[in-house]
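Enquirer: For reference, the chains in residue letters:
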Amino acid sequence: MKWFISHETIKSPFLKTLEKDCGEKISHCYQCGKCSAGCPISFEMDYLPNQIIRMVQLGMEKQVLSSKTIWLCASCLTCTSRCPREIDIAEIMDYLRRLAYKKQLMPLGETEIPLFNKIFLRNIELCGRLYEMGLIAMFNLLSGEFFKDMSLAPKMFLKQKISIFPPRIRNIKEVRAIFKNSGKLGRAKRDRLLQPKLIFLNLFRKLIEKIERLK
Amino acid sequence: MKYAYFPGCSLHSTAKEYDLSTRAVADALGIELIEIPDWICCGATPAHITMHLLSLALPVKNLIKAKNMGSYEVVTCCAACFNRLKIANYLMQNDEVHRQKVAKIVGEPYQGTVKVRHFLDVLINVFGLKNLKENLTRQLSGLKVACYYGCLLTRPSEITELDDLEEPHLIDDLMQTIGIEPVQWPYKTECCGASFSLTKTDIVLKLSNDILQMAQDAGAQALVVACPLCQSNLDLRQAMINKKYKKNFNLPVFYFTQLVGLALGIEPKKLGLEKHIVNCLPLLREKGILAKR
Numbered sequence: 002m003k004w005f006i007s008h009e010t011i012k013s014p015f016l017k018t019l020e021k022d023c024g025e026k027i028s029h030c031y032q033c034g035k036c037s038a039g040c041p042i043s044f045e046m047d048y049l050p051n052q053i054i055r056m057v058q059l060g061m062e063k064q065v066l067s068s069k070t071i072w073l074c075a076s077c078l079t080c081t082s083r084c085p086r087e088i089d090i091a092e093i094m095d096y097l098r099r100l101a102y103k104k105q106l107m108p109l110g111e112t113e114i115p116l117f118n119k120i121f122l123r124n125i126e127l128c129g130r131l132y133e134m135g136l137i138a139m140f141n142l143l144s145g146e147f148f149k150d151m152s153l154a155p156k157m158f159l160k161q162k163i164s165i166f167p168p169r170i171r172n173i174k175e176v177r178a179i180f181k182n183s184g185k186l187g188r189a190k191r192d193r194l195l196q197p198k199l200i201f202l203n204l205f206r207k208l209i210e211k212i213e214r215l216k
Numbered sequence: 123m124k125y126a127y128f129p130g131c132s133l134h135s136t137a138k139e140y141d142l143s144t145r146a147v148a149d150a151l152g153i154e155l156i157e158i159p160d161w162i163c164c165g166a167t168p169a170h171i172t173m174h175l176l177s178l179a180l181p182v183k184n185l186i187k188a189k190n191m192g193s194y195e196v197v198t199c200c201a202a203c204f205n206r207l208k209i210a211n212y213l214m215q216n217d218e219v220h221r222q223k224v225a226k227i228v229g230e231p232y233q234g235t236v237k238v239r240h241f242l243d244v245l246i247n248v249f250g251l252k253n254l255k256e257n258l259t260r261q262l263s264g265l266k267v268a269c270y271y272g273c274l275l276t277r278p279s280e281i282t283e284l285d286d287l288e289e290p291h292l293i294d295d296l297m298q299t300i301g302i303e304p305v306q307w308p309y310k311t312e313c314c315g316a317s318f319s320l321t322k323t324d325i326v327l328k329l330s331n332d333i334l335q336m337a338q339d340a341g342a343q344a345l346v347v348a349c350p351l352c353q354s355n356l357d358l359r360q361a362m363i364n365k366k367y368k369k370n371f372n373l374p375v376f377y378f379t380q381l382v383g384l385a386l387g388i389e390p391k392k393l394g395l396e397k398h399i400v401n402c403l404p405l406l407r408e409k410g411i412l413a414k415r
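Read top to bottom, the protein sequences are chains E and Z.
So the first sequence is numbered by the numbering used here: it starts at 2 and just counts up by one.
So the second sequence is numbered by the numbering used here: it starts at 123 and just counts up by one.
Warning: the hint list may mix true and false statements.
[What the hints assert, rightly or not] If you want the footprint, here are the derived chain Z segments under chain E, 3+ residues with CB under 8 Å: (1) 176-187; (2) 232-243; (3) 268-279; (4) 314-321.
Quick caveat, the hints were computed from the structure, so don't treat them as lab data.
Note that the Cβ used here is the ideal one computed from N, Cα and C, for glycine as well.
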């Protein structure tokens, strides 16, 4: 991949802001590649972890925030534990994801992961604990694959491993207050929890794939 | 020994057998586990991906509930909950800015006074392997297992302080005490795909396939895990892995508490052994651990 990196990009405040908010000294990275070598998901990523760090050092904010890599990071912390400069790469990936949510920059090919996270959090906000049936039903519905994992459902019900009813706790109002306060203090976009643009893009992409397969 | 018990969302549903077996083992050894009343989800992966302060506030709320219960030690079984509780605790102890922000969100100040332990830690370091050996009614010899630790138990090592980073050995030591032979294999801490179970099932299938293949090549007849998500990825998805990669794995995936329970003489029904998707009863009957029909 070849990019033309202009003077403005390199001098942009992206790197300094990230270092200040995160507390991680990204400018210390000397590109040894240990993080990419140990990353279990590197086979599926478009940019390797060390390439993402290099792009952050060069101020290439837009490319980084619309890459697939930051969403495919599984937070397994292999990179963090092996970095010789003691940079917490998983924390940087987390920060980039939160920034991508704030700026609503989602990659066209990986819309399921951002959607899933939001559905999960909405689920906890409503019930206090995770309501698995609700999560699976909502996710299947909004991502366009209605009958995914349906074959596993009977076994799970028979073995009483999944319940049809949501869990109930007494002080659900405290949980909802926590969500509200963290949104305000963390300045995270909480009001548009299920972003319609995300859902629409996803369903549209799935429809195109199905049509391609039928041809 | 009395602890506040934080099961986590999975142990009340998809990992029910982990909860049953942990309580059965704790009962048999005289460890008292009192469930925190009205505990809430710790947020796990989606919380720290979306909102930083939320991912700290949810675990801290649970720790405050434990403190109000009068308990200063929390025991948890789920690796993700353990990791999140430990990270929240660490930041509350060491970072003043985060402490103030989280106090504003939760409504109560919290200084990180409650200690968080994993059940493995309690069994091996607090109860002791020597004491455990004295309580055993039998040795489960003849079984060869691969101990799989996963990502979150040992990393980040300065926060979890549980075991060695690249070559952990806690579950292996426990298995040796109850007579099972743990095999040497290199994929002890390789990621299984974690929370991509629903969203990117292909990645989970590939990573879990590699783990199962390596375990089988090393000579293991079963796997032992300590994390409900790893167990779900390796057990629930085994049929899909067999179909996709044209293999025929038949490796049951046990929780370490189930095997310890069998060695302590607890009856199999109380350990939830029939709740596994990959049937583990034939292997146990073949090795003489369960009575033949």
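Enquirer: Hint by hint, note whether the structure agrees.
Expert: Hint check results:
| no. | hint | verdict |
| --- | --- | --- |
| 1 | 176-187 | holds (count 4) |
| 2 | 232-243 | violated (count 0) |
| 3 | 268-279 | holds (count 5) |
| 4 | 314-321 | holds (count 6) |
The earlier numbered hint that this structure contradicts is number 2, and it is the only one.
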